[in-house]
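Q: Given next are the chains, with one letter for each unit.
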Amino acid sequence: MATTTAAVTLTSDLLSDNMSVSATTTCMKAGTTADGLDGMEYGYLDLVTGDEYDLIGATPTASKASKLYLKNHSTDETYFIAITQNAQAIGKLYGGDWMFIPADFHDAAGDIAITANGGTNKICYALFHEGITLVTT
Amino acid sequence: MATTATVSISSDIAPGFGGISESMTLTQAGSLVDIDSTSGFQIRKLSAAAAVDLITMTAEIVEPKDSVAAKIYIRNIGYKGVIDKSVGVTIGVNAEPIGKLYGGDWMMMPLTCIDADDITADPSPSDDTVVLEYVMFYEEA
Numbered sequence: 001m002a003t004t005t006a007a008v009t010l011t012s013d014l015l016s017d018n019m020s021v022s023a024t025t026t027c028m029k030a031g032t033t034a035d036g037l038d039g040m041e042y043g044y045l046d047l048v049t050g051d052e053y054d055l056i057g058a059t060p061t062a063s064k065a066s067k068l069y070l071k072n073h074s075t076d077e078t079y080f081i082a083i084t085q086n087a088q089a090i091g092k093l094y095g096g097d098w099m100f101i102p103a104d105f106h107d108a109a110g111d112i113a114i115t116a117n118g119g120t121n122k123i124c125y126a127l128f129h130e131g132i133t134l135v136t137t
Numbered sequence: 001m002a003t004t005a006t007v008s009i010s011s012d013i014a015p016g017f018g019g020i021s022e023s024m025t026l027t028q029a030g031s032l033v034d035i036d037s038t039s040g041f042q043i044r045k046l047s048a049a050a051a052v053d054l055i056t057m058t059a060e061i062v063e064p065k066d067s068v069a070a071k072i073y074i075r076n077i078g079y080k081g082v083i084d085k086s087v088g089v090t091i092g093v094n095a096e097p098i099g100k101l102y103g104g105d106w107m108m109m110p111l112t113c114i115d116a117d118d119i120t121a122d123p124s125p126s127d128d129t130v131v132l133e134y135v136m137f138y139e140e141a
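As you go down the protein sequences, you meet chains U and B in turn.
Under my numbering, think of the first position of the first sequence as 1, with each following residue one higher.
Under my numbering, think of the first position of the second sequence as 1, with each following residue one higher.
Quick caveat, the hints were computed from the structure, so don't treat them as lab data.
Beta carbons are placed, not taken as given, at the ideal position from N, Cα and C, and that holds for glycine.
Take these hints with a grain of salt, some might be off.
List of simulated lysine-lysine pairs, DSSO-like, C-alpha gap at most 30 Å [stated by the list, open to error]:
id	chain 1	residue 1	chain 2	residue 2
1	B	K45	B	K80
2	U	K122	B	K65
3	U	K122	B	K45
4	B	K80	U	K122
DEER-style ranges, computed between Cβ atoms [unchecked claim]:
id	chain 1	residue 1	chain 2	residue 2	range
5	U	V135	B	G18	35 to 41 Å
6	B	S8	U	D107	28 to 34 Å
7	U	T26	B	G18	32 to 38 Å
8	B	R44	U	T33	20 to 26 Å
9	B	D127	U	L134	35 to 41 Å
10	B	D66	U	A109	21 to 27 Å
11	B	K45	U	T5	42 to 48 Å
12	U	T26	B	S47	22 to 28 Å
13	U	T32	B	I43	24 to 30 Å
Can you build the whole structure from these sequences, using the hints too?
A: Printed below as a string of structure tokens:
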């Protein structure tokens, strides 16, 4: 079985006592305990301003247990990428920010789209999935 | 100390993949100033197959600023110490399903904090009892 683990440590001093949370998960196929995610896509690219782009070109199998990691590696903190899914704004990743989400890709409209702002943004992404449909030539 | 988040991902799916280890300091939009507000760390027990608001933007005591650098952490922590990988909760934004957190899974996601963009949690079709832990960090409006 392929094994993918994702761990997070979150700390904050915004509360009256320091908060520290750590969590680790093994990324399994949807609803299973015996079979891990077995596909992945990994990339590092420049994202130019002006247009909205689908981050994932092929279509991962819908409504499974895909996980998407995305980081904005821009060194200018004023640069950001705006993230949408199915025309719904999700949020913005400024230079240095990352996200890790379960990605449903519920149908053809469920692609995750990104738009660069401020200048050309450098991004790194990794999609862990359980099967994709390649786009025919 | 500020607010920081570190992610570490390892995988043997693809030969040669060296893993990912990255940290971020949560700052206000377009600046190096620390983010200044939080929902506080909370848990929510779900036991019915119906979508509920995990975060209702208009209900936050400190009003969040729209369309800046907010983030949310959510984890499915199971129920009474039992983490069940077969029990998933779909997390959504303004009724758009983002993805399903199975037992033990966590997510860190940017948010708009626009009034309509509430964060929803839906355990359907299962009505198994499951608990989510979550905390939102945002800028005060």
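Q: State for each hint whether it applies.
A: Hints and how they fare:
With a C-alpha separation of about 11 Å, the suggested pair B:K45 and B:K80 falls inside the 30 Å cut-off, and the hint holds. In summary, the hint linking U:K122 to B:K65 is supported, as the alpha carbons are separated by about 26 Å, within the 30 Å threshold. Between U:K122 and B:K45 the CA atoms are separated by roughly 39 Å; this puts the pair beyond 30 Å, and the hint is violated. A distance of roughly 42 Å separates the Cα atoms of B:K80 and U:K122; the hinted pair therefore is violated under the 30 Å criterion.
The given range of 35 to 41 Å is broken by U:V135 and B:G18, whose C-beta atoms sit roughly 28 Å from each other. A beta carbon spacing of about 32 Å between B:S8 and U:D107 agrees with the range 28 to 34 Å that was offered as a hint. Look at U:T26 against B:G18: about 19 Å separates their beta carbons, and that is not inside 32 to 38 Å. Distance hint check: the CB atoms of B:R44 and U:T33 are about 24 Å apart, consistent with the given range 20 to 26 Å.
Taken as a hint, the range 35 to 41 Å holds for the pair B:D127 and U:L134, whose Cβ atoms sit roughly 37 Å apart. For B:D66 paired with U:A109, a C-beta distance near 24 Å keeps the hint of 21 to 27 Å intact. Separation of B:K45 from U:T5 is about 26 Å and departs from the stated range, judged on CB atoms against 42 to 48 Å. Range check, U:T26 to B:S47: about 25 Å between beta-carbon atoms, so the 22 to 28 Å window is met.
Checked against the given bound of 24 to 30 Å, the beta carbons of U:T32 and B:I43, roughly 26 Å apart, stay inside it.
The structure is inconsistent with the numbered hints 3, 4, 5, 7 and 11, although it conforms to all the rest.
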